[in-house]
Amino acid sequence: MNKGQYPAWQRRHEAVLLWMVQHPGGKLYNCAEVTGYSRWQVSRIVNSPDFQQRYKVVLDLQLKHTVAHMFREMDL
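According to numbering that gives the first Met the number 0, the sequence shown holds residues 0 to 75 in order.
Just so you know, the hints here were simulated from the structure itself, not pulled from any lab data. Heads up, a few of these hints could be off.
[Stated by the list, open to error] Simulated restraints on C-beta separations: (1) Val33 <-> Asp74: 36 to 42 Å; (2) Trp39 <-> Asp74: 19 to 25 Å; (3) Gln9 <-> Lys55: 16 to 22 Å; (4) Arg38 <-> Phe70: 37 to 43 Å; (5) Gln51 <-> Arg71: 28 to 34 Å; (6) Gln9 <-> Asp74: 39 to 45 Å; (7) Gln51 <-> Asn29: 18 to 24 Å; (8) Gln51 <-> Asp74: 35 to 41 Å; (9) Gln21 <-> Met69: 16 to 22 Å; (10) Asn46 <-> Ala67: 26 to 32 Å; (11) Gly24 <-> Met69: 19 to 25 Å; (12) Ala7 <-> Gln61: 34 to 40 Å; (13) Arg53 <-> Asp74: 30 to 36 Å.
For each residue, glycine too, the CB sits at the ideal point set by N, CA and C.
Whenever a hint applies, use it, and build me the whole structure from the sequences.
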């Protein structure tokens, strides 16, 4: 992989995605420790266009679920 290229999405990247969703605002070095990637690898993964696209989809789904749950709780 050249310096300018990002890694293509791999199933193993889901561990990074899951960690980030479960630890909003968490430090990437903590993610690296948990997932077995180096800090450099985690940085490359999370900055890749494929990862950013999937992360946005997950966050959007999470927001929709949270809002729907909130309205159900309020009986709206």
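Status of the hints after comparison with the structure:
| no. | hint | result |
| --- | --- | --- |
| 1 | Val33 <-> Asp74: 36 to 42 Å | holds (39 Å) |
| 2 | Trp39 <-> Asp74: 19 to 25 Å | violated (50 Å) |
| 3 | Gln9 <-> Lys55: 16 to 22 Å | holds (18 Å) |
| 4 | Arg38 <-> Phe70: 37 to 43 Å | holds (40 Å) |
| 5 | Gln51 <-> Arg71: 28 to 34 Å | holds (31 Å) |
| 6 | Gln9 <-> Asp74: 39 to 45 Å | holds (44 Å) |
| 7 | Gln51 <-> Asn29: 18 to 24 Å | holds (20 Å) |
| 8 | Gln51 <-> Asp74: 35 to 41 Å | holds (37 Å) |
| 9 | Gln21 <-> Met69: 16 to 22 Å | holds (20 Å) |
| 10 | Asn46 <-> Ala67: 26 to 32 Å | holds (31 Å) |
| 11 | Gly24 <-> Met69: 19 to 25 Å | holds (21 Å) |
| 12 | Ala7 <-> Gln61: 34 to 40 Å | violated (24 Å) |
| 13 | Arg53 <-> Asp74: 30 to 36 Å | holds (34 Å) |
Hints 2 and 12, counting from the list given before, are not met by this structure.
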